[in-house]
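Generate coordinates for the entire structure from the input sequences, incorporating the hints supplied.
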Amino acid sequence: MSSIKQFQVTFDCAEPERVARFWCEVLGYVVPPPPQGFATWDDYTCSQPPEQRDSWFACTDPSGVGPRLFFQRVPEGKVAKNRLHLDVRVGTGLVGEERLATLEAECTRLVALGAVRVRLLPADEENESCIVMQDIEGNEFCLD
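Residue numbers for the sequence shown follow numbering that gives the first Met the number 0, so the first one is 0 and each next one is one higher.
Each hint should be verified, as a subset may be incorrect.
To be verified - Okay, derived cross-link-like pairs now, EDC-like style, lysine to aspartate or glutamate, Cα gap no bigger than 16 Å in a straight line:
1) Lys77 - Glu136
2) Lys77 - Glu125
3) Lys80 - Asp11
Said to hold, decoys possible - Label pairs and their computed distance ranges (CB to CB):
4) Ala122 - Gln47: 43 to 53 Å
5) Leu119 - Pro34: 22 to 32 Å
6) Gln51 - Pro121: 45 to 55 Å
7) Gly113 - Val29: 16 to 26 Å
8) Ala104 - Gly36: 41 to 51 Å
9) Asp42 - Glu124: 54 to 64 Å
10) Gln47 - Glu124: 51 to 61 Å
11) Arg52 - Asn126: 38 to 48 Å
12) Gly36 - Thr101: 36 to 46 Å
13) Pro121 - Pro48: 43 to 53 Å
14) Thr44 - Ala104: 33 to 43 Å
15) Ala122 - Val78: 23 to 33 Å
Simulated from the structure, these hints should not be mistaken for lab results. Backbone N, C-alpha and C define an ideal beta-carbon position, used for all residues, glycine too.
As structure tokens, this is what we get:
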């Protein structure tokens, strides 16, 4: 008998809160309430030793369906292509020009948030079009 396990997706980054808030805008996620005993996230941050301040941040799917996203500060910058990336599914069920128009509209919205458009992967015999992008710290993702 198989069991269903919850999981989170963890991002290494330089500025956890900034990247988390970007992904909240992309996915419609929310910042959870601060830890128990703190009125605000600022209160929590100020309570931490200086070396731990701003070292992580998280966001969640308000519906509870999607995974929690966790962002942790690391000292090194991104130097190679991601081995794992998110596909942001905005064109599901759409084909051809209608799909492309939907992808382009979402791409425009995300570029305004600081994302970078990398390239369009046009439809072929097996796959529909998608747009390769980067988040505000250069992590690749696809609009699919």
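Evaluation of the provided hints:
1. The suggested pairing of Lys77 with Glu136 holds, with an alpha-carbon distance near 8 Å, which does not exceed 16 Å.
2. At roughly 31 Å between alpha-carbon atoms, Lys77 and Glu125 are farther apart than 16 Å, so this suggested pair is violated.
3. The suggested pairing of Lys80 with Asp11 holds, with an alpha-carbon distance near 13 Å, which does not exceed 16 Å.
4. In this structure the hint that Ala122 and Gln47 lie 43 to 53 Å apart at CB holds, the actual value being about 49 Å.
5. Checked against the given bound of 22 to 32 Å, the beta carbons of Leu119 and Pro34, roughly 42 Å apart, lie outside it.
6. Our hint of 45 to 55 Å for Gln51 and Pro121 holds, since their Cβ atoms are close to 46 Å apart.
7. Checked against the hint of 16 to 26 Å, the C-beta distance between Gly113 and Val29 comes to roughly 19 Å, which is consistent with it.
8. Evaluation of the 41 to 51 Å hint for Ala104 and Gly36 yields a pass: the beta carbon distance comes to about 43 Å.
9. Remark: the range hint 54 to 64 Å for Asp42 to Glu124 is upheld by a beta-carbon distance near 56 Å.
10. Judged by the Cβ atoms, the range 51 to 61 Å given for Gln47 and Glu124 holds: they are separated by roughly 53 Å.
11. The hinted window of 38 to 48 Å between Arg52 and Asn126 holds, with their beta carbons roughly 44 Å apart.
12. Between Gly36 and Thr101 the beta carbons are some 44 Å apart, a value that agrees with the proposed interval 36 to 46 Å.
13. Between Pro121 and Pro48 the beta carbon distance is about 51 Å. The supplied range of 43 to 53 Å therefore holds.
14. A beta carbon spacing of about 36 Å between Thr44 and Ala104 agrees with the range 33 to 43 Å that was offered as a hint.
15. About 32 Å separates the C-beta atoms of Ala122 and Val78, a value consistent with the hinted range of 23 to 33 Å.
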